[in-house]
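Given only the sequences and the hints, what does the whole structure look like? Please build it.
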Amino acid sequence: MLKNQTINLKVIEKVASVLGELNEEIIYVGGAVVSLYATDEGAEHPRPTKDIDISVQIGSYLEMNKFQEKLRKRKIYPSSQGGVLYRYSYDGIQIDFIPWESTSLGPTNSWLKPGFEYARNIEVGAESIKILPLPFYIATKWEAYKSRGKDPRMSHDLEDIIYVIDNNKNVIEHFDESDHEGVRMFLSKMSNEILSDSSRDEIIECHINPYTANERKRLVLDRLKYMSESNKKP
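Counting from 1, position 82 in the sequence shown corresponds to residue 82 in our numbering; the numbering is continuous, with no gaps.
Derived by calculation from the structure, the hints in this document are not laboratory data. Only a predicted model underlies this, so the values are computations on that prediction, with no experimental measurement involved. Please note that a few of the clues may not be correct.
Said to hold, decoys possible - Okay, derived cross-link-like pairs now, DSS-like style, lysine-lysine, Cα gap no bigger than 27 Å in a straight line:
| hint | residue 1 | residue 2 |
| --- | --- | --- |
| 1 | Lys50 | Lys75 |
| 2 | Lys50 | Lys70 |
| 3 | Lys146 | Lys217 |
Rendered as structure tokens:
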């Protein structure tokens with residue numbers, strides 16, 4: 001197992017262990033779980049992170065207060081860092097419990113709520129957690145990338161998108177088999193947007209191994225092109 005993948009998954013397992021039965025009602029998202037979508041044996045190291053993003057089925061401040069009580073019993077407390085109302089801390093690990101709907105706690109990602117319906121279980125060490133299907137995971141990353149408005153060459157969200165497209169051998173099959181037309185259309189739109197960027201080659205090369213850039217860049221471009229053209233197919 002890759003070193004950074006081991007670091008990320010150990011953190012996830014630790015959080016999942018303390019959350020216990022709450023894992024049945026939450027979904028693990030964000031960069032910490034990106035390696036769970038890699039199926040290529042030669043996958044590169046994912047970026048290391050000790051922060052965990054978790055989506056919760058919460059749509060009001062009252063519901064968050066009730067959820068906070070459950071967290072407190074597990075010694076997970078509001079974080080003093082960042083000024084984000086849904087940010088918590090456990091044994092040095094920062095955890096963002098992101099509501100699946102926009103609330104007074106802050107904004108959300110529009111692909112989280114529909115993604116709950118399609119969530120799947122996966123084993124991480126001794127724990128079982130829920131994650132989004134691959135198309136929804138990529139969609140959350142595209143939306144996060146667009147909302148942050150950062151330089152694409154420096155974007156961790158785009159880095160995660162390209163990592164999954166590059167290192168999941170079945171990404172096209174996952175795309176084709178998704179029965180959620182909205183997510184397919186969104187991925188098609190965003191794929192076309194990045195392909196239309198005059199700096200697309202440079203952008204992609206910033207997020208892949210420079211020693212295999214020519215080969216892997218072509219693979220990523222081909223997969224993006226396939227998804228971008230899906231809406232044009234009869």
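We went through each hint and held it up to the structure:
Of the supplied pair hints, the one linking Lys50 and Lys75 holds, its CA atoms being roughly 18 Å apart against a limit of 27 Å. With a C-alpha separation of about 22 Å, the suggested pairing of Lys50 with Lys70 holds against the 27 Å cut-off. The straight-line distance between the Cα atoms of Lys146 and Lys217 is roughly 22 Å, inside the 27 Å bound, and the hint therefore holds.
The structure agrees with every numbered hint stated previously.
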